[in-house]
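Chemist: The chain contents come next:
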Amino acid sequence: MVEVRSHIRFLLNGDDITLSDVKPDETLLDYLRLRRSLRGSKEGCAEGDCGACTVLVGRLSGGGLVYESVNGCIRFLASLEGCHVVTVEHLNGQGDSLHPVQQAMVDFHGSQCGFCTPGFVMSLYSLWMRTPEPSDAAIEKALQGNLCRCTGYEAIIRAARAISSYGKSANDPLALERAAITARLSALRDGARVEIGSGKERLVIPADVDDLADILVTSPNATIVSGSTDVGLWVTKFMRDIAPAVFIGNLEGLRIISETDGVLSIGAGVSYTEAHAVLSRHVPALGALIDRIGGEQVRNMGTIGGNIANGSPIGDTPPPLIALGASVTLRKGGERRTLDLEDFFIAYGKQDRAPGEFVEAVHVPLPGAEVKFAAYKVTKRRDEDITSTLGAFRLELAHDGTVAAIRIAYGGMAATPKRARAVEAALLGKPWTEETVEAALAAYAEDFTPLTDMRASAEYRALAGRNLLLRFFAETTGFAGPLTISRYKAA
Amino acid sequence: MNHTPDLKAAAIKGGVATDQRHDSAHKHVSGTAVYIDDMPEPAGTLHGCLGLADIAHGTITAMDLSAVRVAPGVVAVLTGADVPGENDISPTGRHDEPILTDTLVQFHGQPIFAVIAETREAARRACRLAKVEYDALPFVTDIGALDPLNDKLVTPPLTLKRGDAADAIAAAPRRVSGRMRIGGQDHFYLEGHIALAIPGEDQDVTVYSSTQHPSEVQHMVSHALGVPSHAVTVEIRRMGGGFGGKETQSNQFAAIAAIAAKKLNRAVKIRPDRDDDMTATGKRHDFLVDYEVGFDDEGNILGVDLVYAARCGFSSDLSGPVTDRALFHCDNAYFWPAVKAVSAPLYTNTVSNTAFRGFGGPQGMIGAERVIDEVAFAVGKDPLEIRKLNFYGPNGDKNGDRNVTPYHQTVEDNIVHRIVAELEESADYARRRRQIAAFNANSRFIKRGLALTPVKFGISFTATHYNQAGALVHVYTDGSVHLNHGGTEMGQGLYVKVAQVVAEEFQIDIDQVKITATTTGKVPNTSATAASSGSDLNGMAAQNAARQIKDRLVDFAADKFQVAADQIVFLPNRVRIGNQEIAFADLVKMAYFARIQLSAAGFYKTPKIHWDRDKGEGHPFYYFAYGASCSEVSVDTLTGEYVVERTDILHETGRSLNRAIDLGQIEGGFIQGMGWLTTEELWWDDKGRLRTHAPSTYKIPLASDRPKIFNVTLADWPEAFEPTIHRSKAVGEPPFMLGMSVFHALSDAVASVADHRICPRLDAPATPERVLMAMERLKGEVAGVSKR
Ligand code: FES
Ligand code: FES
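Respectively, the protein sequence lines represent chains Y and B. With full-length UniProt numbering applied, the first sequence closes on residue 491, and no number is skipped along the way. With full-length UniProt numbering applied, the second sequence closes on residue 788, and no number is skipped along the way.
Read the hints as simulated data drawn from the structure, not as lab findings. Hints should not be assumed to be uniformly reliable.
As the list claims (entries may be wrong) - In silico SDA-like pairs for lysine to any residue, Cα to Cα no more than 25 Å straight-line: (1) Y:Lys237 <-> B:Thr692; (2) B:Lys27 <-> Y:Asn13; (3) B:Lys514 <-> B:Thr692; (4) B:Lys152 <-> B:Gly688.
Claimed, not checked - Here are some chain Y residues the structure puts well away from chain B; computed CB gaps all over 10 Å: (5) Arg59; (6) Ser388; (7) Thr484.
Ideal placement from N, C-alpha and C gives every residue a C-beta, glycine not left out.
Bound conformation, chain Y alone:
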């Protein structure tokens, strides 16, 4: 029997916090601003898109302590159990002078109205601790989740390039206190389950994965909250009740990545950032795709498991995973079943997940050298935007140059992430030539009848979606000229 306690414990800047009055839907940002009067972190959107609320969260991971930027506006307070929250206020007070990040921003005129600025400071702080001398590409990536309407960013980038000339990140208090903080956070780990409140205010933080399985058997309709990059909006935008809520972000048992026999198994709680580190090595196209999901803060919170479990037709990871032939393991109590990811998505808003069941892991067969794989995401704005259409392609050619195997899956083109089976059929067994590909384009109309919405018209989705096959063909046949636009090297 696990021990149960009825309060959460975490560190906020320098303070130890113990709280028993926590509501399941209380956000970190509201807690900071309303209950702690820490008003340096701002609310610009309450949906994880602007970054004005950016704070750092330190957590123990594999024995180490990692600090990551997160969106306080959609991060639930309860999910901070066992973490160290660092806000912009913590960067003050080192003598009279400003922190290196802050001083660089002042000297390079990185703020105008200043409302976005604390968020930028925190994102840059997080970057500087990881990468003291970042490239422009690294800076832009670190700032994908921060909007500024005044500066046009140029001054902020100039500041970001200069931070290390103002101080060494090795001398930063968070670096110097690393051991002490690690010890304090370790001391908070007592292996207990947290249960707070009842009815509409009930929340549970399982002790471990087995405990989660038990809890879901008794509360099969609980809302499972992992990175909260989606559930956060249910609360801030739709005012939905999420109780009873089960917070699984702290379960190390769901954050495991392992490889056996060429299959990569990714625990449901693995964040995009964590997955990126591994996937970009094995499947570079997936790494590049993950770089275009949300901003850094969202990638630090959101999980591939969540991207699958919520069943959105515009989730970015299901199409490439389906193309790669991934499967998913669902667990209920002690029982597990594994099914093709493709079959998990039944219809719009409907997945093959029974009450009490949860996604435990996704298994990705890694493509060998003979496999050609690509995933292309098309958006209105390059970064931190939701897909208009996304195509993923996995191709194997026979020795004679004909298509031996092909899997094509799309997002944004149907009510679920979906295979382009008619297109695949039109290609299979044929020579991989421009004529074959041109002829197969007509089959798209059999596979997809996309919709018009605020992101794209049906016509555009159909046309751009089709064209992605042309791009894939060119890319796999050694097309010499520039094939895609590129921000970081000459096209």
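Could you slot chain B with the ligands onto chain Y? The hints should help.
Modeler: Showing chain B with the ligands alone in chain Y's frame:
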């Protein structure tokens, strides 16, 4: 800050024409700059949330708010009937904009009631419990479905006319006509709207409002409450961005907060959620421009006929002056020998559109640039050649006949030739033009495009009476100075610029000047901080106040030390009186003991300007601001996605008060203008609902959308033609329109798929979708042409 002034300094710290950092920069970065939502709330503060209509047009037949009233935490529910004074916040007095509408709903998202509760969350939750029934009426959201000349307008149209455009076009060797669609834009200030009203004794109320126009908020609140203006004080220290979106749109939140605060005798704060803010507040006007142009084979334009139809929304708000300003910029930097331009401020069932940086000017200009494009494609020349061919004549043009605008003001300060020539040179336009042609000829999937576009923007409020400002300066006996003026700080650096002016005037270090929050209690009857006029107007008013005090100090010193007035010179932190120097603070102290008044109210009104709207003639602008930009893009012809490879900008600032601040305005303005014309798309569904009402669906530029190479140069060689404040020039709005070069570079890349034989007629915003679809259309037309 407590610095002892250096009495030996060769120059003061923070005078004019120095690169001062933003006065609040150190507070921005540390999170200690206080925005209204950061102020400690008075005990018992309540929170409001607006209930929004969920129909685009209809009459309310039943409104059941019983569940709202009994929801947890709810203290009061307000409807139109609860407005004690006038239920109207029309800024131009047209009585067409209720605070809370009680019968007729005219757009999806119109506020119909307000919930006041113990917490913001309680108010938001309760709002959802309302049961409202409507009789639906037909609605229109798209101006494409309307007739600009015959359908309902929200405010009278304007006609500008010089010569006989119809005759000139008819007589021209060549003619072309067409239509351009230009999208609107959400301001997306990072700090949304907010108002905090604190009730006082008698009829008094103090409202902290995130507004660019405190005086107007004061008037609206006083009308809504039915109390004199003196009972209402409106204060704002800083906004988290405004861009025009807080010129009139703050009125609603301030009025409701004040009504609730007086009714309940408790402080009331209203901070709408981002989605509500974007749904219920106005934006940049979308336009449809119908044009016809007559020209010769060289590309000389002979006559232009233009109709600018605008989606104004359900009420007039500022649509009159916005559509007027569109017409004032229907020429951009070009001389139209014969011109007729007509505005059509159309009524639609959408939120009432409002001010946004450029105020219609950008839409006017991009219409002019489309005309240029059409002519260029028709005669088969580079659009830049056609631009240069049709510029206004150089200054002092002997004939003077190529310098008159469609509104009959003579352009007297034209520097567009030099700006464009220098930029063409520094951006290496000609060589890159050839390189790109070669690249495109060999590139199947990726096409490049290049464009260089000019900006000429008129500076002044076109409503002449707004061109006035006040300031209040106190000098304390320790020599420190309190500065207040009617301008508001929204990030543009107005406060520090005006402080520089005052520091310069007294010759004291800028840290001796305390910048204080804008409040109607100190400087009354102010104009909006808008039309790029902030520094021009308030800088002059503050200078005037400082000079009054200085004059008194000079008179006093001349008398006391028995020297001639011209023997008294203000040196850095000190004053030379005859042969001796004394500290500024010491002179001030002596003056105080001699009972010299050390406080002054300053005032300024812009000279020379006048405007007769009925005739369409006058001199509405004090001067013009100029700039130009050159952009290169790469476009993916499979998806329409693009990147900006490089942008070069040359923009005029006059003798800049603060180059660091001005550079920020130029860079930021350009990116915002680029966003308007590229990824920022407003989209309404078939129920009349705006579906792009949050950053998840409405995409403003990110750091990774900046040009890969971005060169910005300030042209400070052309000192302002008119005696502006220290000969500086306005820089708030003009750079916004530099973003046009990205749009035209995209258009150029699109044109390459048809070998530059067909005008792409790209509409704005040029989303990847519009770019791809335009390329498809051109490819189709080429195929069609060659078949024939
Ligand atoms: S407030 Fe915008 S991301 Fe959190
Ligand atoms: S400085 Fe205003 S939003 Fe960034």
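Chemist: With reference to the structure, classify each hint as holding or not holding.
Modeler: A quick look at each hint next to the structure:
{"no.": "1", "hint": "Y:Lys237 <-> B:Thr692", "in the structure": "holds (14 Å)"}
{"no.": "2", "hint": "B:Lys27 <-> Y:Asn13", "in the structure": "holds (19 Å)"}
{"no.": "3", "hint": "B:Lys514 <-> B:Thr692", "in the structure": "violated (41 Å)"}
{"no.": "4", "hint": "B:Lys152 <-> B:Gly688", "in the structure": "holds (18 Å)"}
{"no.": "5", "hint": "Arg59", "in the structure": "holds (23 Å)"}
{"no.": "6", "hint": "Ser388", "in the structure": "violated (8 Å)"}
{"no.": "7", "hint": "Thr484", "in the structure": "violated (6 Å)"}
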